[in-house]
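Peer 1: As they're listed, the protein sequences go chains A and B. Just so you know, the numbering used here puts the end of the first sequence at 193, numbered straight through with nothing missing. Just so you know, the numbering used here puts the end of the second sequence at 75, numbered straight through with nothing missing.
It is worth saying that the hints were derived from the structure and are not from the lab. Glycine is no exception: its CB is placed at the ideal position from the N, C-alpha and C atoms. Any given hint could turn out to be false.
If you only want the chain B side, here are some residues facing chain A, beta carbon under 8 Å, derived [to be verified]:
1. Glu32
2. Ile47
3. Glu49
Non-contacting residues of chain B with respect to chain A, defined by C-beta distances greater than 12 Å in every case (computed) [what the hints assert, rightly or not]:
4. Asp15
5. Arg24
6. Ala31
7. Asp41
8. Gly51
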Amino acid sequence: MLPADDVLVAGLRSGDEATFARLLDSWSASMLRLARSFVSTDASAEDVVQDTWLAVIRGVAGFQGNSSLRTWVYRILVNTAKKRGVREQRTVPWSDAGPTVDPERFRGPGDDYPGHWRDFPEPWVLDGEFRQVVGRALGELPTRQRIVVTLRDVEGHSAEEVCALLEISTANQRVLLHRGRAFVRARIEEYYR
Amino acid sequence: MTCAEFVELVTAFLDGALDEATERAFVDHLAECPGCERYLDQFRLTIAELGELPESSLSGETRDRLLEAFRDFPR
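The following block holds chain B by itself, in its conformation from the complex (with noise of 0.2 Å):
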């Protein structure tokens, strides 16, 4: 496996797709080429922080519009 076919595999490998003979040529790689090893780490990381991201919320005007929408509904 070269580098430039590692480096797209890596969602699948992290998905746990990847068919048995591949994830083995794919951690044989990871285990021998530190630019890889980096690159798996930093897509780690991109991960972990894309799952940080603030959150935003309703406003209040839109959640007391909708409340009273609830309390309105024909039943």
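Pulled out of the complex, with its shape left as it was, chain A reads as follows (with noise of 0.2 Å):
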């Protein structure tokens, strides 16, 4: 457990080295993974979080304490990050339109049940695999989907932090989430047939 922000924010500010190390230690994981979710590289990804630390670095004396240390942290890395996706061509147009999953999958008009399944979803049978189709679903994922996703699922933040954090309505973020979630079990039930 790290101690309470006030006493982390007076470490960082008097410059205690074992202070800034700890939180190093404990965040720069899940800052890579959020900032991964955003540009194309592990190198840029890396990059994202080494210039979030030297903003934090230079900003922590005029931390307000309005939100938590680590939401503050977050926030420049989010906005770090979306500059240099930007940068990189990375922000790819979204859309919400259209069900989650493919609509062949469900009786038509005319049949007698329409709107159910023609036939149940198979059984998965899971290998050693998993967690790399996982992985590699995720990294398939529209930008925004997979932020979402990665923040949410991934990091296990709550809805509120993520719009929070994203400046997206709770109706938006869902809308990611599902979409992103419906897309990676689709992934999964692909590889598994």
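Each of the two chains sits in its own frame; use the hints to bring them together as a complex.
Peer 2: Encoded structure:
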């Protein structure tokens, strides 16, 4: 467990290296994953995290405490990553249109049970590849879906935190999350069919 | 509720964000439909596995550089 924010902030402001090292080691892995969902290479993600920490070093004297320290750091990360992501031309336009499951999977309007499964989803027999299949599918998601799925499911942030961090509405957050999860599920299904 | 409707509500259901009537219809459907029950289970399994993806870490070089920048920052 990390000390309370006021202790951490005091440590950073006074130049206590142990405090900084502790934060660096506690948060950098999550920050890398989040950064990686904005930019196209691991190296770029590492640069984003590095630039974020440099901005934290410079900016902590002015930290107001209106949010938690971690949220403040993450916001810097998101802004840094966004700028870089735009530079890399990776901000793909996204669409919320259409169902998340192939409509062919459901019975048509002329059927006795329209909108119900033609055939139930097959049970999965998972193997040692499962984690890699999931990891690959995450990488294939459109940027905004990947960012939301990374924050919610990979990093375990709450819906409220994600909305605040990305400045998106609750409804928008849920649509992106749902589409992303459904895509990953469909990839697993394809792989194990 | 049809299966095609059910599959679009799964995330809202898991977040506890459905209104009372829709949640009841969702649960009623779930109780009767083995296909949607399986879909929901697979969705949960997918979410759980996303949470298990391996961590990456900062390179030792970058970590050293940052510690140095922290040490040298004028206060």
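Peer 1: Flag every earlier hint the structure violates by its number, smallest first.
Peer 2: 1, 4, 7 and 8
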